[in-house]
Amino acid sequence: MKNSFLLISIVFIYISSASAQSAIDQEQLLTKLSNDWMTATMNRDENILNKIVAPEFTLGGTNLEIASLPRVLWMKNTMENLQIDSVKYIQMKVNVIDDVAIVQSVFYWSVAFKGGAVTENTVNLVDTWIKREQGWQVVSRLVVD
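According to this note's numbering, the stretch in the sequence shown is residues 916 to 1060, in order.
Treat the hints loosely; a few may be bogus.
Okay, derived cross-link-like pairs now, BS3-like style, lysine-lysine, Cα gap no bigger than 27 Å in a straight line [as the list claims (entries may be wrong)]:
1. LYS1046 - LYS1003
2. LYS966 - LYS1046
3. LYS991 - LYS947
4. LYS1029 - LYS991
5. LYS966 - LYS1003
6. LYS1046 - LYS1008
7. LYS1046 - LYS947
8. LYS966 - LYS1008
9. LYS991 - LYS1046
10. LYS1046 - LYS1029
11. LYS1029 - LYS1008
12. LYS1029 - LYS966
Beta-carbon label-pair distances, calculated as ranges [as the list claims (entries may be wrong)]:
13. ILE981 - SER937: 35 to 43 Å
14. SER937 - GLU995: 35 to 43 Å
15. SER1025 - SER937: 20 to 28 Å
16. PRO985 - ILE963: 26 to 34 Å
If you are wondering where the hints come from, they were derived from the structure by calculation, not from laboratory data.
Here a beta-carbon is modelled for each residue, glycine too, at the ideal position from N, C-alpha and C.
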């Protein structure tokens, strides 16, 4: 009986440890993908953006009166209208729940839109990611007031 209890305890600890490590691995991967996404945005790297940004991606805010920007317009702005000098995540918290992840962050960037003046901005973001067959993709970004 004692041997069975010991064996069950060891198996439980191993499974718990493996599960915790898997969650840490997913958090690290999503942190890397978030950074890759912003670097690709700054560099206008369409190949990487097409892998990371889901077809149904939208960019929105907390004001429900203003429509979210669909992926096609976000990509057009990224590829043609934004000149990004620098990007940096100041803080980031990743929460993984099965095949969904919420990434909350404080983000800094220096950017000009359509050749206008360069502005520096720090914003709070909430990104929603979904794990798919080809890997994680971001489906939504909310800019939080």
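Now for the hints, and whether the structure bears them out:
no., hint, result
1, LYS1046 - LYS1003, "holds, 24 Å"
2, LYS966 - LYS1046, "holds, 12 Å"
3, LYS991 - LYS947, "holds, 24 Å"
4, LYS1029 - LYS991, "holds, 12 Å"
5, LYS966 - LYS1003, "holds, 21 Å"
6, LYS1046 - LYS1008, "holds, 17 Å"
7, LYS1046 - LYS947, "holds, 14 Å"
8, LYS966 - LYS1008, "holds, 22 Å"
9, LYS991 - LYS1046, "holds, 25 Å"
10, LYS1046 - LYS1029, "violated, 34 Å"
11, LYS1029 - LYS1008, "violated, 32 Å"
12, LYS1029 - LYS966, "holds, 25 Å"
13, ILE981 - SER937: 35 to 43 Å, "holds, 38 Å"
14, SER937 - GLU995: 35 to 43 Å, "holds, 40 Å"
15, SER1025 - SER937: 20 to 28 Å, "violated, 36 Å"
16, PRO985 - ILE963: 26 to 34 Å, "violated, 20 Å"
Consistency note: the structure conflicts with the earlier hints numbered 10, 11, 15 and 16.
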